[in-house]
Structures are given as C-alpha cells and as structure tokens.
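Go by the hints and put chain B onto chain A.
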Amino acid sequence: MTTTTHTHTAALALGDDALVLSHRLGEWMGHAPVLEEEVALGNIALDLLGQARILLSMAGDEDELAYLREERAFRNLQLVEQPGGDFAHTIARQLYFSTYQHLLYARLASVEGPFAGLAAKAVKEVAYHRDHAEQWTLRLGDGTEESHERMRRACTALWRFTGEMFAPLDGLDLDLSELEPVWLESVRSVLERAGLAVPEGSRTGAWRAGAGREGLHTESFGRMLAEMQHLHRSHPGASW
Amino acid sequence: MATAAAHQTARTQPHTGQDSGAGADEAYARAFDATVAADERIEPRDWMPDAYRATLVRQIAQHAHSEIIGMQPEANWITRAPSLRRKAILMAKVQDEAGHGLYLYSAAETLGASREELLDKLHSGRQKYSSIFNYPTLTWADVGAIGWLVDGAAITNQVPLCRCSYGPYARAMVRVCKEESFHQRQGYELLLALSRGTPEQHAMAQDAVDRWWWPSLMMFGPPDDESAHSAQSMAWKIKRHSNDELRRRFVDICVPQAASLGLTLPDPDLKWNEERGHHDFGAIDWTEFKEVLKGNGPCNEQRITQRRRAHEEGAWVREAAAAYAAKHSSGTEVEQA
Numbered sequence: 001m002t003t004t005t006h007t008h009t010a011a012l013a014l015g016d017d018a019l020v021l022s023h024r025l026g027e028w029m030g031h032a033p034v035l036e037e038e039v040a041l042g043n044i045a046l047d048l049l050g051q052a053r054i055l056l057s058m059a060g061d062e063d064e065l066a067y068l069r070e071e072r073a074f075r076n077l078q079l080v081e082q083p084g085g086d087f088a089h090t091i092a093r094q095l096y097f098s099t100y101q102h103l104l105y106a107r108l109a110s111v112e113g114p115f116a117g118l119a120a121k122a123v124k125e126v127a128y129h130r131d132h133a134e135q136w137t138l139r140l141g142d143g144t145e146e147s148h149e150r151m152r153r154a155c156t157a158l159w160r161f162t163g164e165m166f167a168p169l170d171g172l173d174l175d176l177s178e179l180e181p182v183w184l185e186s187v188r189s190v191l192e193r194a195g196l197a198v199p200e201g202s203r204t205g206a207w208r209a210g211a212g213r214e215g216l217h218t219e220s221f222g223r224m225l226a227e228m229q230h231l232h233r234s235h236p237g238a239s240w
Numbered sequence: 001m002a003t004a005a006a007h008q009t010a011r012t013q014p015h016t017g018q019d020s021g022a023g024a025d026e027a028y029a030r031a032f033d034a035t036v037a038a039d040e041r042i043e044p045r046d047w048m049p050d051a052y053r054a055t056l057v058r059q060i061a062q063h064a065h066s067e068i069i070g071m072q073p074e075a076n077w078i079t080r081a082p083s084l085r086r087k088a089i090l091m092a093k094v095q096d097e098a099g100h101g102l103y104l105y106s107a108a109e110t111l112g113a114s115r116e117e118l119l120d121k122l123h124s125g126r127q128k129y130s131s132i133f134n135y136p137t138l139t140w141a142d143v144g145a146i147g148w149l150v151d152g153a154a155i156t157n158q159v160p161l162c163r164c165s166y167g168p169y170a171r172a173m174v175r176v177c178k179e180e181s182f183h184q185r186q187g188y189e190l191l192l193a194l195s196r197g198t199p200e201q202h203a204m205a206q207d208a209v210d211r212w213w214w215p216s217l218m219m220f221g222p223p224d225d226e227s228a229h230s231a232q233s234m235a236w237k238i239k240r241h242s243n244d245e246l247r248r249r250f251v252d253i254c255v256p257q258a259a260s261l262g263l264t265l266p267d268p269d270l271k272w273n274e275e276r277g278h279h280d281f282g283a284i285d286w287t288e289f290k291e292v293l294k295g296n297g298p299c300n301e302q303r304i305t306q307r308r309r310a311h312e313e314g315a316w317v318r319e320a321a322a323a324y325a326a327k328h329s330s331g332t333e334v335e336q337a
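First to last, the sequence lines map onto chains A and B.
First residue of the first sequence: 1, per my numbering; consecutive thereafter.
First residue of the second sequence: 1, per my numbering; consecutive thereafter.
Incorrect hints may appear among the rest.
[Unchecked claim] No farther apart than 20 Å at their CA atoms in a straight line, the calculated lysine to aspartate or glutamate pairs in the EDC-like style are these: (1) B:128 - B:40; (2) B:327 - A:149; (3) B:128 - B:117; (4) B:327 - A:142; (5) B:327 - A:192.
Simulated from the structure, these hints should not be mistaken for laboratory data.
Chain A with its partners taken away, still in its complex shape (with noise of 0.2 Å):
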C-alpha cells in the first residue's frame, strides 16, 4: 500500500483523536461510578487505543508520534482532549464523538483506500460505545432530577467543540459535511429520547470552538500531554 502525505495527515488526525480519548478514558480507571463501568471505559479504551496505535502506525512511528511531538503538533479534535469532568460530560463526550465516529467509519469502510480494512472493524467496535453512551444517556437524562441537571450542563457545555467534527479534513477522500446533518438526527433522537433539550449554543462561529485538527488546543491538553510524555521523554532512546 502507498501511503502519500495527504493519507498521512488525515492518519494522524484520526489517530490523535483515538489516541487522546483513549487517554482520557484511561483516567477514569479506579475511580469509575461503578464496578461494570470501570470495565465498560477500559474497554472502549482499549478499542480506541488499538485504532491509534493502527493509525499512528499508518503515519510513522507510533511511540515517536504519541510521546515526542509536541501540543501544536497533534491534529485531535478538541472535543477529545476535554477533561473528564463529571461520569455525565464523559457521557456527553463519548455520545457526540462515538457517534460521529461510527458514522465516519461507517463511510470509510465502504469505499477502497486506505482506511477500508481499519474502519470495518473499527465500525463494529464503535457501534458498541455508541450503545454504551446512548443507553447512559438516557438513564442520566431520564433518571434523577440531579443527573438529568448534570447532564444537560455536560451536553451543553460540549456542544460548541461538535462543529469542528464536520470541517474538511485532508486526506480523506469524503465531504465530511455530509455527515452532519446525520449526526445532529441521531444526537437530537436520542436526547429527545433522554428528555433533554439540543443545545441552543452555536457550534461554529464568531469565535470558533475547535481549531484542533489545525494544532490549536485548549489549556488543559498540555498538561495531559506532561504527563503522557513524561516517562518516555525522560529516558531518550531507551525501549520498553
């Protein structure tokens, strides 16, 4: 297979948003609500790391990627990058991106090139976070007073970093605003269905949420990159 560079970026960006949610879920091991959700996230986790590591590898060297670039240098979006928060941003985050990515799969696993093969198995495992975070999202939105508030703020307070989902990526062979209008139809059924409101904030605009793919993120990516690197980076050359 001939990787040119445009299939190397659009790899690289694909793998950063893998590679940082699956960090992100990483952190909630040992501190999840309950004992299924610790194994829940880890194996979403796990999932996503597996796509980074295919990815990443797709571009270069998968340690040298993940461990020796820095901040400016990943393409993730920001809505992957964004801290845990509540179990209900976690939720809103895993909803808005899961579902986004199970439709960019979909997409790529059905038309040839170079993210065919990954993107069909890919496809199945993300159809199963959607699942994971759909079906939470009801009981939060559904369930208690308390949760249905926590995760109304969570969706909302996420909503702004969707829009940069949809923006042209390089090296990908599909219009990614295509993809849109599918999404905002399944986020809205679903949130309908937990009882809760669509975000009323804008997702794109004046000033635009999202400029990740670009290099820019948000303040807390670089000390989740600190600490990620920090091992690695302390021993130069040395393998594991």
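Just chain B now, kept in the frame of chain A:
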C-alpha cells in the same frame, strides 16, 4: 458419582416449611461432610454450616476487595505508560482486575452477601483487602514487579482454590487464574526489557524488586503456627495447602526466574538447601506485616480514601440508573398486576 447421587436429596436445603428438627439438621450436616470428603462441590442451594458460609463470605469478599483496590497502584501508571504497547497491556490488565472483582462479588452473592453490603464493609474498614496494595508504585518498574511477584504470589495462592469445595468460588478462580497467569508473564517480560535496557532502566527494575520482594512473601499470610483460620479452612477444603508451604513453593519458583531476569533478590540468606529440597530464606519482618495490616502501611489511608471517594462521587450515577430502571420497568409491573 455414587456419593453425589446418594447425598443429592439430603444436600439441598429446604426452601419452605422449615420443619427440620435436630435429626434433619444432622442429616444435612452428614451430607455436607460427605460431599467435602468426596472432593465434590458444595453449591449455593446446598445446606452448609453457618461458619462455612461465613468463612467463605469473608474470604471471597476480601479477595474481591483486593481486586478492586489492587486496580489503584497499577492504574497509577496508565496515564504515564512509556509506550503504546505497554499502555494497552496495562489497561487490559487493570480492566481484567475489575472483571475479577465482578466475578467474585457475584460468587459472594450466591452466599447471600450483596455487593452493596460488602462494599459498605470495605469502605467502613470492617472487611479487609490484601495488604500488599498498601505499598506504593513509585516507578514504572513497579508495574513489572507487581506482575511478576504480586501476581505470581497470587497465582501460587489461587491455583489450589480452583479445587475449593465451594463450587461458584472454584469456578470463578479457574477463570481468574488463567488471566493472572497472563498478568504474571507481562510483569516478567516488562522487567526483562528493563533489566536488559539502559543502566537507568536496569537500576529501576532492581529497585522495584528490592521493594516488592518481602511484601510479596508476606502475601501468604502469617506462619502456620500463628494463622487464625487455617486449620478449619483446610478441613473444609476451602484451603488446600498451608501458608508456609505455599510461601516455600513461591520462593522456589522465583529464584531461577530472578536469575534469568538478571536481577537480585534482596535476601543474603537465600540459598538452596539440598536436604530439604527447598530454598532457605531470611526471616520475614512480621512486625511490618502487622503494622500494615493495622492500617499503618504507606498507602492504607490513600487507597481507602480513593475508593470511598469514587463510590461517593458515583452515588448520583447509581441513583440515576436505579431511578431510570424503576421508571421503565414499572409499566410492565402494572400490566402484570
């Protein structure tokens, strides 16, 4: 088997109309003893002595608690794992431990002890978890030392439990042991990579083994003559080998592995004893063991505080799930009524 068939009717506890007098109790007790003697399994609905049930609940709960507290020292390194391959292995391992917790709490439920009740006892300090997890993971090599030594000791302890007289516990242990053996190998392999790596990595590995060796030996519990529960548990075939016997077995396994790793075990008295066919080893500091058990280890407070916090901070999530389930099942209940 003949024995099983003969006792099958007498074994099962009556569900309703408890009219069993002393004579009936004796028949159940005889059936229980015969099942244990025949090396068959006691199942949840079988009659069992109250003390047998209590011993199992205590042991299974402590084991389940150890799995979930044991996630903490290793999860401490997930976000800092130095390669993506190591990160994937470590996440899978910590996730396995959560899974072991689930099987074990389920095994305890078959004895009538709910997970909620057991967690409450853990959080309030009325039930314990393995003291080994009260030691800190200070470097990446500690992840390897936990895999090699702590999981290695756990396997030595747990393989005989696959033949434990209580069926659900024995079956849970079969699955747990398979996964633990993978954990032990990844720990060994992690340490081997460090030992053969840069001088700094080698030193990191040696330091971890120096710190984890003695606490691992303490995992087998007090010496046989001081072990409070051992004799009765052996008679009930919950336990199959004595603490000291398992400890010796573990030391004999580790010595050649340490040599292959190129690492030294921190015990100048460790040497092969031809006559006994085992290694002799130095005296264990039981004062340290007792102190850690009493709550004075380096991380006792930290571990239980994190556990309580996760539980308390997750309360609203569990309440939401329960409220949602109640709302969405009440419809069917109304229909049934």
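List of violated hint numbers, smallest to largest: 1
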